[in-house]
Amino acid sequence: MTGGAPILSRRTGFFFLLPSLGFVSLFILFPFVWVFYLSFTNQTLTGVTAIQSRLVGLANYHRLLDFETWMTSGQFGNALRISAQFVVGSALIGQALLGLAIAWAFYRWRGAFREIVYTLVILAWIIPDVVVAFTWMAFLDRDRGTLNAILQLLRLAPVDWLIQQPVLSIIIFNTWRGTAFSMLLFSSALATIPPSYLESAEVAGASGWQKFRDIILPLIRSHILTDIILITLWTFNTFTPFLITGGGPAFKSELVSIYTFRIAFQFFEFGRGGAIAVAMMLINLVLALTYLTILRRQGVRT
Amino acid sequence: MRLVRLVLARVAFYLFVTLVAAFFALPMLWLVLTPFNPRGTLAAEIPSPATMANFRLVFANAFAMRALLNSAILGIGAMLITTLVATLAAYALSRTDVPGLDFLIYALILFSSVVTGTAAMVPIFLLIFYLGLIDTLLGVILVFTGGLLPTAIFIMRDFVEGIPRSYEESALVSGATPRQMFQDVVAPLVQPGMMVVAIWAFVHVWGAFLIPFILLRSPTSMPASVAIYSFYTEAGTPIITLTSSYALLFALPVLVLYLLVNWRYGFRFFGGIKR
Amino acid sequence: MPTIELALTCRCVEGGVNANMVKWFKTYLAPKFAEKMKAEGKNVTAKLVEFGGSDEALKEQYALDLKVGKGYDVFAFDGFWVPEFVAGGLLKPLDEIAGPEVKQWEGWGHISPGLQQILGYQGKLYGIASGTDVREIFYRKDLFAKAGIAEPWQPKSWAELLDTARKIKKALPDVTPLQLNAGTAMGEATTMQGYFMALLGAGIHMYDFEKGKWIAKSPAIADALNFYKTVYVDEKLGDARLQLLKDGRNQSFARFRDGKIAMLVEGDWFWRSVIATGEWKIPNRNEVVSFAKMPAKEPKKGYKGQDFVTISGGTGFVINPNTKYPKEAWALLSFMFSKEPLMAFQELEPRIRVRDDVPVIGDPVMTEMAKQLLGLTTVRPMLPEYPKISAEAQLLTERVVSGEMTPEKAMEAYAKAVTALVGPDKVIELK
Chain A
1 MTGGAPILSR
11 RTGFFFLLPS
21 LGFVSLFILF
31 PFVWVFYLSF
41 TNQTLTGVTA
51 IQSRLVGLAN
61 YHRLLDFETW
71 MTSGQFGNAL
81 RISAQFVVGS
91 ALIGQALLGL
101 AIAWAFYRWR
111 GAFREIVYTL
121 VILAWIIPDV
131 VVAFTWMAFL
141 DRDRGTLNAI
151 LQLLRLAPVD
161 WLIQQPVLSI
171 IIFNTWRGTA
181 FSMLLFSSAL
191 ATIPPSYLES
201 AEVAGASGWQ
211 KFRDIILPLI
221 RSHILTDIIL
231 ITLWTFNTFT
241 PFLITGGGPA
251 FKSELVSIYT
261 FRIAFQFFEF
271 GRGGAIAVAM
281 MLINLVLALT
291 YLTILRRQGV
301 RT
Chain B
303 MRLVRLVLAR
313 VAFYLFVTLV
323 AAFFALPMLW
333 LVLTPFNPRG
343 TLAAEIPSPA
353 TMANFRLVFA
363 NAFAMRALLN
373 SAILGIGAML
383 ITTLVATLAA
393 YALSRTDVPG
403 LDFLIYALIL
413 FSSVVTGTAA
423 MVPIFLLIFY
433 LGLIDTLLGV
443 ILVFTGGLLP
453 TAIFIMRDFV
463 EGIPRSYEES
473 ALVSGATPRQ
483 MFQDVVAPLV
493 QPGMMVVAIW
503 AFVHVWGAFL
513 IPFILLRSPT
523 SMPASVAIYS
533 FYTEAGTPII
543 TLTSSYALLF
553 ALPVLVLYLL
563 VNWRYGFRFF
573 GGIKR
Chain C
578 MPTIELALTC
588 RCVEGGVNAN
598 MVKWFKTYLA
608 PKFAEKMKAE
618 GKNVTAKLVE
628 FGGSDEALKE
638 QYALDLKVGK
648 GYDVFAFDGF
658 WVPEFVAGGL
668 LKPLDEIAGP
678 EVKQWEGWGH
688 ISPGLQQILG
698 YQGKLYGIAS
708 GTDVREIFYR
718 KDLFAKAGIA
728 EPWQPKSWAE
738 LLDTARKIKK
748 ALPDVTPLQL
758 NAGTAMGEAT
768 TMQGYFMALL
778 GAGIHMYDFE
788 KGKWIAKSPA
798 IADALNFYKT
808 VYVDEKLGDA
818 RLQLLKDGRN
828 QSFARFRDGK
838 IAMLVEGDWF
848 WRSVIATGEW
858 KIPNRNEVVS
868 FAKMPAKEPK
878 KGYKGQDFVT
888 ISGGTGFVIN
898 PNTKYPKEAW
908 ALLSFMFSKE
918 PLMAFQELEP
928 RIRVRDDVPV
938 IGDPVMTEMA
948 KQLLGLTTVR
958 PMLPEYPKIS
968 AEAQLLTERV
978 VSGEMTPEKA
988 MEAYAKAVTA
998 LVGPDKVIEL
1008 K
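Chains as they are written, first to last, in the numbering used here: chain A, 1 to 302; chain B, 303 to 577; chain C, 578 to 1008.
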């Protein structure tokens, strides 16, 4: 609040907020509470427990966290491991790093090249999910896909991407899909740095990497943090890889989000699906709280 | 020495840029070429001869066209409600002094990413069912609005904060009600912000798959993101010519919007999610 | 007089999967039904909504539709889904939906009580079955000739079957000798055409009908899994990739059509529909394709001491309890399964019908299949938990075929999962 008496009374403000509060409580908070409740029941969509569901305590969680089997294919631990690989590979290494690299490469650079690259990256980000899914299935196809055609041009052996390298495939895909956000965020962060900061370093003969490490990085630290936490959350929750691999082969690309979907909407087990959803939300919550804590601490410092 | 380094840096730069451009362009090659190919395969082949026949077939498919209309209704509906409700809320948040609201907004943004994902699909499905909104476009619009609102409010608040308070203060002096103030003073000034939120919401809902897939049950209410699989599955294997043409058609409004925004404003973050 | 339009759906697409169903509906059923209703003074028509996705996707759609009170008036349904859907309150008995005239239908007199129960559960009837089926090995005679294998061919044990596969592999290196379904991607097709065929051949069923318990562990399960291992992992007589791919089943159809698969274990549906019409049609089917019975591991070592094994399922049509027009929906369903319409279908696609007055016509191969195999057949347990056990069985084969686990490890995991699903008092372990 930048000075002055508030323009709206709290009462009026509340009225303006009312529709938002309604939506948020109904479609965000309420589902959250409900899924918590569901996770303690044996509710299903078909079978006897569709009609006579009852509370089963922690049974769903016990099944989820049965540490003897949970790393085998089609189990929660397996999905968690793949999700972790996916987040680290496509969000942290892929999107954030590549986004930063592109933004830095075009720092102080205008013109057609920048326009072309930015347009391509942004297009990959905004075209609909199902469209990119089809596009990537074609791109990665073993026999006729563009990627293998290129490999063959380079005299490399073709790869059966979706079968032999399912996790790598969805990591590359998601890097392609989501780099735009990081690129734009870092680009607008870099735009706030006055060129004079760098000019003095240049006079002192600093290399590009030194400039980046010593001047730029400290200045955009909070942006990096924001970026990382948001793309981590989004990547962890994304469902789009399902449209490409269906989670297979043999559950090798089954992310937690796909696992939830399979249990809830293909096996019709709402209670068990609820337990996975709660686990997912808790992971989200931990990530979110980490973010808020670090941001707050930084807010105090600056 | 310095010159060599400069040249090397240039070369490295162009190499990097070319690789990045190739990485982002190559997967799209198939999407751009195949719709015009009389014999569509999974290979990206230059069509010879190029044809519009695939598009004619798609246009003649009433179900597919209806689905595009449904997508538009969903996108525009969610866009209008989200923009209006978010602007009201952002205004209230910016012009009242309630402590702790910032924190709340952040928390909600983070939560909202969960609600539009698979984790909350079961309760959302049950909720919409009990509300009697299953298989209605309205139900889908409301769910999306709920999920998009926190981020929309967050973006809008930056814009509202950017308006000098002096306008409203003088309006207050001349006896304007809060409603008049919002309508006549604030709304016109935050129009660019509303545009950003509106386009963002539209693009988001237009392309979404999972929520309409679960909540809409009859062919007449399917959006394009679900309908595209009717080309895919006919005869058990995709009819690639039609699928790719429809995919391109489905992506087109988003491409046009992007070009429009880029030309009008330059595509960048308006305040947005930064600190 | 208001017009009533009934909607019917099935996994059937013009020129694609179950194409004859579409043809039958459009050229015969819809016009004749409208005619018949008109004669009774009613304006009722029927339209078909084609569905081209997988069986599992269709089931998912039905469950959600029925739960929210939507869906089409009449729809195709697999018999083994019935218990699960009935227990969940998603389906209602025919007479409860359409009234007492259901009981008076002439057709019941032509369908044996056992076959009436294909779409039944606990003595109540929820729909009418289209027919039943059997499973066997389909092989390419042209490839056999090239590999120098004598015909007619009928292996008498797994060893003989594997020997044939080895011969083909040697003579025709770019042909996949044998494909026995496995993996989760193929869903129930894995359980029925793959796992059951191996398991019954090894001597047991998934379920002990006398004790009313699931067999969680058994040397026979290990035998069946080792058979898979020999085919896919040790000797690569089959292509495991096809079992793991999302659309592997369609691809295996296409490769059989193109002469790239020599032996494929499938249901008679493959003969009368898949390669008879549409996408995977083999124009000279009768010259190049033949069938053999699936042998037991060794003679007399199969289920119930049989030499050969097979299993039957059954699909049909049910009425949506949410239909606005129950009487008309029943009129459509009962008309579909009257003698004349079924005979019209037999002209397009002869198959084993449940009505005793509708024989297989014009297809000696189909007649032969029915004759040789119906006496050997068994069925799945009609229990609500079956689909979940079946999913575990699919996972079981996948783990072996993909090389993730040894047969022993995979069986351990299966036993554990089955026990968790039904409880320890509902499973037995055989030594």
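Source of the hints: derived by calculation from the structure; they are not laboratory data. Note that the Cβ used here is the ideal one computed from N, Cα and C, for glycine as well. Heads up, some of the hints might be wrong.
Unchecked claim - Here are some chain C residues the structure puts well away from chain A; computed CB gaps all over 12 Å:
{"#": "1", "residue": "Val626"}
{"#": "2", "residue": "Ile726"}
{"#": "3", "residue": "Arg743"}
{"#": "4", "residue": "Ala748"}
{"#": "5", "residue": "Gly760"}
{"#": "6", "residue": "Thr761"}
{"#": "7", "residue": "His782"}
{"#": "8", "residue": "Lys790"}
{"#": "9", "residue": "Lys813"}
{"#": "10", "residue": "Asn861"}
{"#": "11", "residue": "Thr900"}
{"#": "12", "residue": "Met920"}
{"#": "13", "residue": "Arg976"}
To be verified - Label-pair restraints from in silico Cβ distances:
{"#": "14", "chain 1": "C", "residue 1": "Pro579", "chain 2": "A", "residue 2": "Gly22", "range": "37 to 43 Å"}
{"#": "15", "chain 1": "B", "residue 1": "Ala409", "chain 2": "C", "residue 2": "Gly700", "range": "52 to 58 Å"}
{"#": "16", "chain 1": "C", "residue 1": "Asp740", "chain 2": "A", "residue 2": "Val286", "range": "38 to 44 Å"}
{"#": "17", "chain 1": "A", "residue 1": "Gln210", "chain 2": "B", "residue 2": "Asn564", "range": "55 to 61 Å"}
{"#": "18", "chain 1": "A", "residue 1": "Phe212", "chain 2": "B", "residue 2": "Asn564", "range": "24 to 30 Å"}
{"#": "19", "chain 1": "B", "residue 1": "Leu359", "chain 2": "A", "residue 2": "Val88", "range": "42 to 48 Å"}
{"#": "20", "chain 1": "B", "residue 1": "Trp565", "chain 2": "A", "residue 2": "Ala191", "range": "48 to 54 Å"}
{"#": "21", "chain 1": "C", "residue 1": "Gln681", "chain 2": "B", "residue 2": "Pro340", "range": "55 to 61 Å"}
{"#": "22", "chain 1": "B", "residue 1": "Thr343", "chain 2": "A", "residue 2": "Phe113", "range": "41 to 47 Å"}
{"#": "23", "chain 1": "C", "residue 1": "Glu985", "chain 2": "A", "residue 2": "Phe212", "range": "51 to 57 Å"}
{"#": "24", "chain 1": "A", "residue 1": "Arg213", "chain 2": "B", "residue 2": "Ala409", "range": "31 to 37 Å"}
{"#": "25", "chain 1": "B", "residue 1": "Ile378", "chain 2": "A", "residue 2": "Gly22", "range": "42 to 48 Å"}
{"#": "26", "chain 1": "A", "residue 1": "Leu21", "chain 2": "C", "residue 2": "Gly700", "range": "23 to 29 Å"}
Said to hold, decoys possible - Some chain A residues well away from chain B (every beta-carbon gap over 12 Å; in silico):
{"#": "27", "residue": "Asp66"}
{"#": "28", "residue": "Trp70"}
{"#": "29", "residue": "Ser207"}
To see whether the hints hold, each was checked on the structure:
1. Val626: Val626/C clear of chain A: closest Cβ-Cβ about 21 Å, beyond 12 Å.
2. Ile726: Per Cβ check, Ile726/C is outside 12 Å of chain A; nearest 29 Å; holds.
3. Arg743: Label holds. Min Cβ-Cβ 25 Å, cutoff 12 Å.
4. Ala748: holds (25 Å)
5. Gly760: violated (7 Å)
6. Thr761: violated (7 Å)
7. His782: His782/C clear of chain A: closest Cβ-Cβ about 22 Å, beyond 12 Å.
8. Lys790: Lys790/C is indeed farther than 12 Å from all Cβ atoms of chain A, at 18 Å.
9. Lys813: Consistent with the label, Lys813/C stays out of reach of chain A, its closest Cβ about 15 Å off (over 12 Å).
10. Asn861: Holds, because the least Cβ-Cβ distance between Asn861/C and chain A comes to about 26 Å, which exceeds 12 Å.
11. Thr900: holds (19 Å)
12. Met920: Label holds. Min Cβ-Cβ 35 Å, cutoff 12 Å.
13. Arg976: violated (6 Å)
14. Pro579/C <-> Gly22/A: 37 to 43 Å: holds (41 Å)
15. Ala409/B <-> Gly700/C: 52 to 58 Å: Given a distance of about 55 Å, which is inside 52 to 58 Å, the answer is holds.
16. Asp740/C <-> Val286/A: 38 to 44 Å: With a Cβ separation near 58 Å, Asp740/C and Val286/A fall outside 38 to 44 Å, so the hint is violated.
17. Gln210/A <-> Asn564/B: 55 to 61 Å: Distance hint for Gln210/A, Asn564/B is violated at roughly 34 Å.
18. Phe212/A <-> Asn564/B: 24 to 30 Å: holds (27 Å)
19. Leu359/B <-> Val88/A: 42 to 48 Å: holds (44 Å)
20. Trp565/B <-> Ala191/A: 48 to 54 Å: violated (19 Å)
21. Gln681/C <-> Pro340/B: 55 to 61 Å: Taking Cβ atoms as reference, Gln681/C and Pro340/B lie about 56 Å apart, which means the hint holds.
22. Thr343/B <-> Phe113/A: 41 to 47 Å: violated (33 Å)
23. Glu985/C <-> Phe212/A: 51 to 57 Å: holds (56 Å)
24. Arg213/A <-> Ala409/B: 31 to 37 Å: Because 34 Å falls inside the window, the suggested range holds.
25. Ile378/B <-> Gly22/A: 42 to 48 Å: violated (21 Å)
26. Leu21/A <-> Gly700/C: 23 to 29 Å: violated (53 Å)
27. Asp66: holds (21 Å)
28. Trp70: holds (19 Å)
29. Ser207: violated (8 Å)
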